[in-house]
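Q: Numbering (our numbering), first residue to last: 1 to 183.
One or more hints might be untrue.
Claimed, not checked - Using C-beta positions, here's what the derived DEER-type ranges look like: (1) G110 x Q166: 21 to 27 Å; (2) H128 x Q53: 20 to 26 Å; (3) T122 x L152: 28 to 34 Å; (4) A154 x Q43: 36 to 42 Å; (5) D148 x M1: 22 to 28 Å; (6) G29 x N87: 29 to 35 Å; (7) E165 x I65: 24 to 30 Å; (8) N87 x I114: 19 to 25 Å; (9) P55 x A150: 33 to 39 Å; (10) P55 x S115: 30 to 36 Å; (11) L173 x I65: 19 to 25 Å; (12) E158 x N62: 31 to 37 Å.
What the hints assert, rightly or not - In silico EDC-like cross-links for lysine to aspartate or glutamate, where the CA-CA straight-line distance does not exceed 16 Å: (13) K2 x E63; (14) K2 x D68; (15) K86 x D38; (16) K2 x E165; (17) K2 x E24; (18) K169 x D68; (19) K169 x E134.
The set of hints was computed from the structure by calculation and includes no laboratory data. For glycine and all other residues, C-beta sits at the position ideal for the given N, C-alpha and C.
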Amino acid sequence: MKMTLIAGSNDAGSVSTRLLRYLESQLAGSGITVSFVDMRELQLPLYSPEAGQNPEAVRLQNEIIHADALILATPEYHGSISGALKNALDYLTPGHVEGKPVLSVSSAGGPLGISSLTHLQTIVRNLHGVNCPEWISVGYGSNEFGPDGAPLDAGVRERVSTVIEQFIKMTRLLSAETAVVTG
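All chains, please: the whole structure from these sequences, using the hints.
A: Next up, the structure:
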């Protein structure tokens, strides 16, 4: 099983990226193959339908096409997702995401990033992805990480563990269903 993780922040010390890196370590520890796409490193021009193919956009599209599932992480800015992540998602079509399970992750300056999570799920739905019924959000007071990259808050670590377990199960179920339909 392969999962593509997309970190949607331009900030080097981003909490959402650090949280996604922690999820990456948990998935790798479960034997999942992980591809990590960081918006700080992927230089995408502002999306325009007339712009034609961009090599970085093609790289992003290929990462998603070859994944069994996606995890999208974003900081919450003004009640929504980051511009960097939105721009990247604009390069996708339903053909890239259709039928893939997607987990949404956010970080916020307040208690939780609920608005960004609901916006992500709306975008995923419009790309014909399958939203995980669970999500992960950290906010002020639960957004510190230890030197090993693990969240210091025990509740966050427990939440990640529970959600990752459910997301892996969901991905396996959808992959089995897809295999039956296409087989």
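Q: Which of the numbered hints above does this structure break?
A: none
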